[in-house]
Amino acid sequence: MRGVAGAFLFGAPFLYTMEVWWKGTFTSPPRMLIVLGIAYAALVLLDLQGGFRREQSRTWLRVFTDSLEALAIALLTATLSLILIGVIRFDTGLDAAMGRIITEALPFSIGVGIANHLLQNRDENNTGSDVSRRDASKHQWQDHAWRGTLADAGATTLGAVIISAAISPTDEIPMIASTLSSTGLLAIIASSLLISYIIVFEANFGAQTIRRSQPGLFQSPISETLASYVIALLISFLMLSLFQLLHAEDPLSQRVSYTIVLGLPAAIGGAAGRLAL
Amino acid sequence: MTRKKGKTSVTPRTTAEWVSMIISIVLLAGVVGVVIVLWLSPSNEPARFRIDRKAIRNEASKYYLPITVTNEGDATGAQVTVEGRLGGSADEQISATIFDFIPAHSSVEGVLIFDTEPTSAELRVVSYQQP
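Quick note, the sequences are listed as chains A and B, same order.
Per the numbering used here, the first sequence starts with residue 309, numbered consecutively.
Per the numbering used here, the second sequence starts with residue 1186, numbered consecutively.
In case anyone wonders, no lab produced these hints; they're calculated from the structure.
Glycine included, every Cβ here is placed at the ideal spot set by N, Cα and C.
Hints may contain errors.
[Stated by the list, open to error] Computed from the model, here is a short list of chain A residues facing chain B with C-beta under 7 Å: (1) 341; (2) 373; (3) 377; (4) 380; (5) 383.
[To be verified] Which bits of chain A does chain B cover? Going by a derived footprint, with three or more residues having C-beta under 8 Å, they are: (6) 328 to 339; (7) 465 to 477.
[Claimed, not checked] Here are a few chain A residues that sit away from chain B, every Cβ distance over 10 Å (derived from the structure): (8) 459; (9) 461; (10) 558; (11) 584.
Let's have the full structure, built from the sequences with the hints guiding it.
Printed below as a string of structure tokens:
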């Protein structure tokens, strides 16, 4: 789960870059193998680096097989997300599909490696202070609930703005949105919610137990995920209007589809924002 | 730097870890296998295009001719320009469209629009770029 979260955190900006898909369409097989090799080498290096930090002794075999697993996760997430945004379809030729998956898997696998080895597992370290914090929260529930909600909403907004501001002026949003059917849009909504949930609550990036017990509107994991997604959609819509991809006279269907397409990276950014806070 | 429970010894794998490792290895072997097959299969044929027509639609006295362009070669074609010609030299109509990319063995769809019934239109790929 941690690896999957990392893949999306770092891979999302590359996923919404058409040049990456285009390069994939005419990558020759030997080049594909080289890209896979580079991704694997990066994962092994990240694993070794992480191992030194934790002062863990690990066998070489373990390092190599763990990196193999990380690469498989990257390929799987890259494939799924490319299918999701309609870059790979039934009528895409096999070599174009493989090229796109493999080029996209390079940033995804670096994301997996960074998540697995460099980002700290804060939860394990501060279980002691966690208990005292929970006690304190009981005392001033009312006050804390408001502040917690505001802080979470603010962090989500900030994260969503950072990511969506970078992606919204680009041509990828109309490109992706125009190829998607309504079932495709529903799939994107479902994945946005799922990925944001995984990043915050399943990936163990830190403060997970604190988050789960936090009071406020963002109380339960499900309602927090839903509320953050609404914020992400709102920010996406604002950004699209700001950068004039959406105009007042545009039909409703276009506004909805653009907003949902940009909502995916915005939700990922929002989830990252809540973690950073 | 926080230290995690002193020296950790090498932990043995659990069944779940074994399963996930085996799945990963199978998956990766599959990917590498497909890439090698693509490599070994002769892929020197230049881009070659086939144009298929679909049912003509008539709207507001214009005729919409949907086409599917399939690249049967092994190389990607960029800026693939498809042109439809209709009628004789006196009342000739030309309708054209450009596809950004048609990867090898992929197909894309487009529509050509004419003023008169285009069943007899002559369709051809006029030009493309090699990326």
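Consistency of the hints with the structure:
At about 6 Å, the closest approach between the beta carbon of residue 341 of chain A and any beta carbon in chain B falls short of 7 Å, and the interface hint on this residue holds. At about 6 Å, the closest approach between the beta carbon of residue 373 of chain A and any beta carbon in chain B falls short of 7 Å, and the interface hint on this residue holds. Interface restraint check: residue 377 of chain A against chain B, minimum CB-CB distance 4 Å, threshold 7 Å, status holds. Because the closest C-beta pair between residue 380 of chain A and chain B is about 3 Å apart, less than 7 Å, the hint holds.
Checking residue 383 of chain A against chain B: minimum C-beta separation of about 6 Å stays under 7 Å; hint holds. Interface restraint, the segment 328 to 339 of chain A with chain B: holds (6 residues with C-beta to C-beta distance below 8 Å; minimum three). Residue count for the segment 465 to 477 of chain A with a Cβ under 8 Å from a Cβ of chain B: 0. That is fewer than the three needed, and the coverage hint is violated. With a least beta-carbon separation of about 25 Å from chain B, residue 459 of chain A lies farther than 10 Å from that chain, consistent with its non-interface assignment.
The non-interface label for residue 461 of chain A is consistent with chain B: the shortest C-beta to C-beta separation is roughly 30 Å, beyond 10 Å. Every CB of chain B lies more than 10 Å from the CB of residue 558 of chain A, the least distance being 22 Å, so the non-interface label holds. With a least beta-carbon separation of about 19 Å from chain B, residue 584 of chain A lies farther than 10 Å from that chain, consistent with its non-interface assignment.
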